[in-house]
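One gets this note's numbering by counting positions in the sequence shown from 1 and adding 58 to each.
Simulated from the structure, these hints should not be mistaken for lab results. The structure displayed is predicted, hence computed values, not measured ones. One or more of the hints may lead you astray.
What the hints assert, rightly or not - Dumping the calculated DSBU-like pairs for lysine-lysine here, alpha-carbon to alpha-carbon at most 35 Å:
{"#": "1", "residue 1": "Lys223", "residue 2": "Lys165"}
{"#": "2", "residue 1": "Lys223", "residue 2": "Lys100"}
{"#": "3", "residue 1": "Lys197", "residue 2": "Lys100"}
{"#": "4", "residue 1": "Lys83", "residue 2": "Lys100"}
{"#": "5", "residue 1": "Lys197", "residue 2": "Lys223"}
{"#": "6", "residue 1": "Lys100", "residue 2": "Lys165"}
{"#": "7", "residue 1": "Lys165", "residue 2": "Lys83"}
{"#": "8", "residue 1": "Lys215", "residue 2": "Lys100"}
{"#": "9", "residue 1": "Lys215", "residue 2": "Lys197"}
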Amino acid sequence: MNASPDTDAARQALDGLLALLELEKIEENIFRGQSAPISSEKVVFGGQVVAQALTAAARTVPPERAAHSLHAYFILPGDPDAPIVYDVDRIRNGGSFTTRRVVAIQKGEAIFNLSASFQVAEDGFEHQVEMPDVPPPEKLDDERTRHRDVLRQMNEKERDALSEKTLRGLHARAERAWPVTFRPVDPQDPLRPDEGLPERRVWMRAAGPLPDDPALHRALLAFASDFGLLRAAMRPHGLSFIQPDFLAASLDHALWLHRRRFPSPPSRRRA
Numbered sequence: 059m060n061a062s063p064d065t066d067a068a069r070q071a072l073d074g075l076l077a078l079l080e081l082e083k084i085e086e087n088i089f090r091g092q093s094a095p096i097s098s099e100k101v102v103f104g105g106q107v108v109a110q111a112l113t114a115a116a117r118t119v120p121p122e123r124a125a126h127s128l129h130a131y132f133i134l135p136g137d138p139d140a141p142i143v144y145d146v147d148r149i150r151n152g153g154s155f156t157t158r159r160v161v162a163i164q165k166g167e168a169i170f171n172l173s174a175s176f177q178v179a180e181d182g183f184e185h186q187v188e189m190p191d192v193p194p195p196e197k198l199d200d201e202r203t204r205h206r207d208v209l210r211q212m213n214e215k216e217r218d219a220l221s222e223k224t225l226r227g228l229h230a231r232a233e234r235a236w237p238v239t240f241r242p243v244d245p246q247d248p249l250r251p252d253e254g255l256p257e258r259r260v261w262m263r264a265a266g267p268l269p270d271d272p273a274l275h276r277a278l279l280a281f282a283s284d285f286g287l288l289r290a291a292m293r294p295h296g297l298s299f300i301q302p303d304f305l306a307a308s309l310d311h312a313l314w315l316h317r318r319r320f321p322s323p324p325s326r327r328r329a
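Construct all of the structure, not just a fragment, from the sequences and the given hints.
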């Protein structure tokens, strides 16, 4: 069975992201990464910078130490047409934990900084919350399908009320292939946003096979973690990303990783 055009495009997008995570080592503790525009705006997607910074940090840490948490701040928007330099500071190499700080620099200015902690595998107490009762991903539409439905169902009055920039953004979301497939459990209609709790539940999965590289899997999860968080923050106010005269941007970011390995699509070997 042949893959659909959408599937092929998503896998190509995944290949593109994996290439972006192949950072060039300039010298000890300094790496350089390239960028790709991922929206209608000429800015670097925040998740890309998080993923590249975490990758740079991991390159200075023994492979048996896995990242378990990160905290980051977005300082300036990134330019997708210029490379980003990642300067890693080896804060501490402890018996069980390793701490790294990374500053992302573009055109001589810091645009982002990240602190990450890595840990060797150790036995400890574990607990988890009960999985909520939600539909399986196979019964939910992905983000591209949802945005195509919004455009198709939009009436003339609703279309006229949107700016040209907003319409371009909607079309970009409907057509652009993402390296990660997102299937929201409780999607919000951007044209008729309702008020709700500040939360967002999403099934997500890499759009194709991944190399058997736990550090890379963590970087990909860091990339995906920046998708849709602003929508959760806007929901209590009944707002959406196409609200007129409204600008939303990530300022800080935190992520905790509770498993050393994650389930993923069938792996592939690096060429």
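Each hint tested on the structure:
1. Lys223 x Lys165: The given pair, whose Cα atoms are some 27 Å apart, holds under the 35 Å limit.
2. Lys223 x Lys100: Within the cut-off at roughly 12 Å; holds.
3. Lys197 x Lys100: Since the Cα atoms of Lys197 and Lys100 sit roughly 34 Å apart, the hinted pair holds (cutoff 35 Å).
4. Lys83 x Lys100: holds, 26 Å
5. Lys197 x Lys223: holds, 32 Å
6. Lys100 x Lys165: Holds, because 16 Å separates the two Cα atoms, which is no more than 35 Å.
7. Lys165 x Lys83: holds, 18 Å
8. Lys215 x Lys100: Given pair Lys215, Lys100 holds - Cα atoms ~28 Å apart, limit 35 Å.
9. Lys215 x Lys197: holds, 31 Å
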